[in-house]
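Here's the letter readout for the chains.
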Amino acid sequence: MEEVITAPKILVFSTEKISDPAIDLAGLLKKHYPPTVYTINIPCSSAVKSRWVLHAFEAGFDGVFIAADGTDCAYSETCTERTGELVKKTHELMKDRNIDPIRLKMAAICSVCSEPFVKHMKNFVAALSN
Amino acid sequence: MKKRIGVYICQCGSNISDYVDVEKVNEIVAREQAVALSKITMFACADSAQNEIIEDIEKQKLDAIVVASCSPKLHLFTFRNVAQRAGLNPYNYIQVNLREQCSWAHSDNPPKATEKAIKLVMAGIERAKYSQALAPISIPSVNSVVVVGAGIGGMRAAIELADMGSEVFLLEREYFVGGRSSQWNELFTTNETGREVISRLYKTIMEYNNITLFTGAEIESKSGSVGNFDIKVKIKPRHVKPDCKLDWDKFKKAVEVCPVEFDDPFNFGLTKQKAIYKNFPSEFPEIPAIDVEHCTKCMKCSDICSDIDLNQKEEVLNLNAGSILLTTGASPYEPKEGEFGYKKIDNVITLQQLKRLIELRPDVLTYHNKKIQNVAFIYCVGSRQVDGENRYCSRYCCTSAIHTAIMLKENYKKINNFHFTRGVRTYGKQEILYNKSSKQGDIFFQSFDDSPTEVISVNGQTIVKIKDILTTDKELEVVADLVVLVTGMVPRQNNSINKILKVPIGRDKFYNEIHPKLRPVETVIDGVLIAGSCQAPLNITESVKSALSASSKVNSLISKGEIELEPTLAEIDDESCTWCDKCQSVCPYNAIDIKEEEGKSIAVIIESNCKGCGICLPVCPSNSIQLIGYSDVEIESMIDVLAC
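Chains as they are written, first to last, in the working numbering: chain A, 154 to 283; chain B, 7 to 650.
Everything labelled a hint here was simulated from the structure, so no lab data went into it. All of these numbers come straight from a predicted model, not from anything done at the bench. We put the CB at the ideal spot given by N, CA and C, even for glycine. If a hint is listed, it holds; no wrong ones were tucked in.
Below, a list of computed lysine-lysine pairs in the DSS-like style, where the Cα atoms sit at most 25 Å apart:
id, chain 1, residue 1, chain 2, residue 2
1, B, 259, B, 247
2, B, 125, A, 184
3, A, 184, B, 505
4, B, 238, B, 505
5, A, 242, B, 588
6, B, 349, B, 278
7, B, 125, A, 183
8, B, 523, A, 183
9, B, 559, B, 523
10, A, 258, B, 125
11, A, 184, B, 118
12, B, 118, A, 258
13, B, 125, B, 45
Derived coverage of chain B by chain A (criterion: at least 3 residues anywhere in the stretch with Cβ under 8 Å from a Cβ of chain A; other residues may be distant):
id, region
14, 117-129
15, 499-510
16, 631-638
Construct all of the structure, not just a fragment, from the sequences and the given hints.
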């Protein structure tokens with residue numbers, strides 16, 4: 154029987170004011186990325202709980218990508234630092250559960266970064282496929 | 007938990023249904039236990055569809071609704087209003103983004119787009135199940151606005167906003183106001199010159215105490231958000247004292263002694279400019295300026311004119327505004343070297359250069375000392391490009407070329423105009439000009455995209471060739487004394503402001519509105535609006551209309567003194583909280599305090615300070631904080647559905 158190969162599933166945490174508009178823009182410009190990428194938007198990337206990320210892996214996601222506000226964050230100047238800290242903490246928790254930390258990625262995606270977002274998604278899917 | 011959810015799957019005409027099998031999505035989601043009804047609609051936003059949803063909510067006693075359509079940035083409030091009109095709390099409405107993040111993003115793979123659509127709608131249903139009835143929160147808003155760009159659109163918007171009672175800070179990057187329009191002579195339909203219009207607007211602005219104009223000004227940084235932006239503005243020194251009473255003779259002498267000379271941007275390189283300059287006597291503000299980028303500070307001008315102060319320094323101002331309106335305009339397309347002979351054949355110029363040439367040569371039209379008789383206009387240069395980046399029509403250029411051709415015939419003797427078009431688009435009243443130019447004897451040719459007009463130089467003569475579809479594909483030639491490239495509009499090249507504001511840019515590289523018809527002057531950045539030709543190629547009338555529209559929108563946003571925000575607040579679980587102060591230490595808004603309850607210390611949210619950012623969520627070691635609308639149960643139930 155032929156084996157069905159499916160692309161890795163990625164959960165993206167986007168932010169309503171910054172990175173989600175960039176993901177919308179990618180669609181508007183018909184810049185295609187793998188359809189196994191799913192987005193949940195939240196107010197700020199510093200709000201992502203480690204338990205949500207771990208829950209995503211337990212539920213069957215292959216990768217989690219935090220499309221961070223970076224320095225554009227309207228809420229806090231320390232957003233980059235805070236998001237970095239939560240990623241670091243989650244990486245540790247992933248190691249404890251034998252989940253490869255490579256499966257959680259974070260990058261700043263500004264409101265016009267449609268092209269970088271698509272590139273990140275393609276690269277992440279490729280990395281997880283390997 | 008909600009148990010009677012209504013689901014509406016929008017086809018968005020065919021924007022969604024061309025790539026997503028909406029029948030299949032509907033069939034699957036209808037099986038969900040909590041779904042009381044599921045329907046497909048052609049346009050969920052249409053009045054008839056909205057009324058149908060209201061009727062369903064009332065008759066079917068729905069306790070939540072999900073609309074799977076476009077981005078929530080576009081219609082979130084439309085459907086919240088629908089819910090409210092039907093007596094349902096607006097926060098029991100969930101929008102699923104099936105267009106931008108599914109059908110368009112995966113238009114290359116419809117089966118997979120359909121699979122994804124099913125999961126997205128199911129996730130929306132999960133979110134709706136846990137949705138709570140909420141009321142919006144209000145934050146104070148400053149009734150002041152920063153208008154960026156003092157062209158006709160920006161000036162008109164500033165006046166309108168000031169008239170409605172807002173404090174207006176009008177910023178212009180150049181030393182003089184007016185933008186591109188100051189370069190144009192007579193305008194259609196009023197026959198006023200660009201300068202006359204600007205002069206009138208400037209004088210009106212000066213009458214308003216609540217408009218402050220800054221020239222040589224650029225935004226350096228922005229912080230805060232809608233209702234309360236803190237904006238740092240960098241002001242370039244003008245190097246002329248602000249209280250200078252201009253002595254025109256002294257100024258002319260100062261210009262004469264200035265040793266710096268460069269291509270004059272005002273005349274598109276047809277003349278030279280000095281470092282000290284004022285483009286024309288009635289240019290505003292009245293006092294001249296010294297171009298700091300070119301000035302060598304030789305002090306020769308200051309020896310003549312005591313009002314010149316080369317020691318002036320750059321200033322930085324802090325402005326507080328509730329909203330920002332961008333009216334930064336556009337630039338003419340600069341043809342590439344060799345494009346229709348540009349910069350290769352010496353009598354090929356752009357339409358903008360011709361307009362300046364007419365003013366510089368009022369008696370006899372000459373170019374490179376040669377009298378001009380035959381003028382060939384080549385249309386759609388830099389617009390409607392088949393292979394290039396600019397696929398769009400610049401809309402204003404057909405009219406502008408024909409208007410200029412009429413001026414040529416009226417101002418000079420024995421001019422013959424030949425128009426090499428790709429179809430003339432003089433819409434609306436502009437058709438009057440087309441009719442007039444035809445009657446005055448102008449000759450129009452037309453070619454298709456696959457057979458463009460050619461410009462060649464043969465034995466010192468410039469020949470324009472076309473395969474003319476109006477004369478059944480006859481190959482025709484005109485020997486031209488002057489070839490005028492009718493160039494389109496492109497976005498401003500030096501767009502440093504967008505590195506700060508991050509307004510989305512569309513395929514045409516102009517700023518992108520949320521929706522061209524429904525929210526035409528708003529951007530996805532709350533409180534940042536756009537108007538005029540920074541958004542799309544527009545003529546002056548259209549730019550002003552757009553500026554007025556944006557002014558109304560800004561006014562409705564900030565004039566009430568408060569802005570309604572999402573009721574997204576953090577909530578503390580009193581039972582599990584043991585007060586460790588970590589949440590308080592990361593909160594940027596001092597929205598978390600400590601309280602004593604039943605003999606223990608716990609955190610308490612100060613609702614008036616909480617902005618709902620959620621920064622406190624991941625630092626809590628006992629997971630005692632939930633964000634309304636983003637609780638663990640909502641997020642994790644969505645994850646479960648999306649992962650399966």
